[in-house]
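Student: The residues making up each chain are set out below.
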Amino acid sequence: MKRDPKHRGRADKWVQITHEEAFDLIEKEYKRITAKYGRKSCVVFSGTGREGGGMNPYATNVLRTPNMCYTQSGYACYLPRLASAAYIVGVVYPELDYAGGLPGRYDDPAYEVPECLILWGKAPLESNPDGFFGHAVIDLMRRGTRIISVDPRVNWLSTRADHHLRLRPGTDTALGMALLNIIIKEGIYDKQFVESWTYGFDKLAERVKDMPPEKAAGICGVKMEDIYAVARMYATAKPAAIQWGLAVDQKANGMQTAQCIISLMSITGNIDVPGGQILADINGNVNEVGYNMDQGIGDDFNLMIGLQEYPACCQVTFQSHADLTLKTLETGKPYPLKFGFYAGNNLLSCTSMEPQRWAKAINESLEFCMTIECFMTPTAEATCDLIFPLATICERDGTVFTHYGGSPVTIGFTNKAVEKQGESLSDLEFVYLLGKRLHPDLWTDCKSVNDFIDKLRLGGRYKFKDVHKLVSVQHEVKYRKFETGDLRRDHEPGFNTPTGRIELYSTIFEQLGDDPLPYYVEPKYSPVSTPELLDKYPFVLTTGARVIGFFHSEHRQIPYLRELNPNPLVEIHPKNAAKLGIADGQWCEVYNQFGSAKYKAKVTCAVDEKTIHAQHGWWFPEDDGNAPNLYGTFRSNINNLIPNFHFGKLGFGAPVKCMLCNIKPITESYDTDMALVWKKFGKGE
Amino acid sequence: MPKYGLLIDYEYCTGCASCEVSCKEEHNYPVGQWGIRVHDDGPWEMEEGVFHWNRIPAPTDLCDLCADRTGKGREPICVHHCMANVIRFGKVEDLALHLQEKSKQVLFVPQYKPHVAKGPFVPGKKGGHKGTVSQVKAKENVGYEIATHRDRSSKTQFDNEGGNS
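As they're listed, the protein sequences go chains A and B. Numbering-wise, the numbering used here puts 133 at position 133 of the first sequence, and it's gapless, one number per residue. Count along the second sequence from 1, add 1000, and you get the number used in the numbering used here.
The hints are simulated quantities; they were obtained by calculation from the structure and are not laboratory data. Even for Gly, the Cβ is constructed at its ideal location relative to N, Cα and C. Incorrect hints may appear among the rest.
Claimed, not checked - Cβ-to-Cβ under 10 Å is the rule here; a few derived chain A residues that face chain B:
#1 His-135
#2 Arg-166
#3 Asp-226
#4 Leu-564
#5 Asn-567
#6 Ala-675
Using the sequences plus the hints, can you model the full thing?
Tutor: What follows is the structure, given as structure tokens:
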């Protein structure tokens, strides 16, 4: 469907057109805009990825722009963990080894069940993050794994844990440093591993003396003896693993949290051992993110927004910096952005902080904007001039990975169950067809979409047509690859870092201008750093805990899933609820100096008396789509309360899980009418 | 005919809702109707710092134990989709033995639509008691006091009973 740009935000102004007309329109606008402003004036707004991949070729091989931009402030999702692992260990992501890649699975003779698993700011059951099978944690618990939970909120897994450290949101680095402090002081680390395979241990040991357990206990609001107990349990369990989650990323101090967690994994000798943290084989990765990038954008890479200011962020993600891209949209500097493309991003509902600011910036800057989606989204409704129908998972073949191809577990294949209903295309079909249309010279080595899929997604190792009926294939798993040379391009023993070792003292952090060792910084807005705000905003606000049935802003229009959680919920402790006159199920306004949002109260002791938790990603597909309502996307949007430009030194992080706020009851009700949802989106008769 | 049931290991039910949603898909139950529901008991503080939280899937009166599927030798859809593998289907006599194996289990023997299962009302066949034949004399009509078995003489007594004595 197309719509005149002057009618952005008008749900009734779409006009249905044919594929041919759509491709003609895209080509015409692309040529007009790039002739005037250059290809760099195109921006691809990416989300969390589709089919387990980032769909970078939309930027690199279709629009050929260096500006692919994941629009969350400070790239505060996954990438801080990824980047710290890349810089410190030289790998993609040290994931919990749950025997996923072993033929005999948990019973494989090569496998050992971890004795202890720390779940640190992670909800594996609800989120199945980055291809990890969340309920593997249950499989492991059944086989004897004991749990430690590090999470401000009570969650189902924490109620089964041996220890639950309910730290104040945003204080994780202090806790991490204290755990290192205890383990080093008590000598309960793996001395041989530290000696042979790590760099800078003595400096780390010296640094963490700054954070004795009693100090961390005060900062984090947990008992000192619990910190000791956790340190000892984790360090003496063999093997032991840590699953580190989104909470690591969502604060300015997150790279340092990641540094502590990697150091914990390393000094306890749990790196690349069975039942510990599994690393990817240097020979086995699929480099999908950088696919054909040199040919596609070449030297234009250097024009990427934010590359000069935050190379640590942009070089590792191959993406422009979100906050600086927002500024570029607002100012036209260093050059104007004119052509927009959403590759799986509903930023007005989910991805971006200060969403109304983003909407305004996009609409004022972009002359043409388009997307491909299964459903109309608030973002497409507000800002797009063309929307292409995307094939659903049932209508297409596909490939999925763990960790975007970067973890040695499985490659999975989806097989289409029904023929396409209507005129939809899959992402990869659209990349291929549109890429060929705009830049045929770049696509001469792909004769068909399947050629492209094999090259992009299977690294040329498999042919989709040969393997898709297997549903999944396992990578060969090898352990202790630092001994065999399978972690380095030169195939020498050691790690893919400047010193060839795991850098507890990070020479790359140092080169990039950050402290090479971990350090603790209070969140910008917190009871400690801004006590003067506590009169007005007495609660710590944490957001975004995963909800069963939804993936971020998706699935609100699937009645069976919406029914599991029909309304946006804010969690508040019973004592606070009583004090403020808030009843369970009552609608409230959550607010701070940046904005407000309306939520239905869930009175629960899942949060403590200092903390409030609000769900994320809400919009209401059954509501009016016309601006300014836009399916109610700004009504219960917790990102209204969270500012941009609050990241760390290297450009990573956002205070999504550690803000201040207040809450008050309101008299209106915004309860979801499930009958309406069923009428609009249900199965009908 | 043997009875069948669902044995639930609620130590490990995570509340993922796969049973609820797959059941609704299988049976085409609309929004507001369920064949199985996960009951959420928690979190509440059992002792300081220790929180209780059990999730217990319980079949409803719309659970037919997937008669269509089990008739073909397949397991009920909730068993098939359970992410934590905590639901077991079988004969009650077999499942009961498994109850011995570990704690935190519960055995459900659901009944599909009990209001239908009990069948239409059929009067008893014995015939019961029959009316007797007799002559009844009419009394003089003295108003509602007699019709409602009221007697002015008992009024005082009533008041005493309802009082504070």
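Student: Checking against the hints above, which ones are violated?
Tutor: 5
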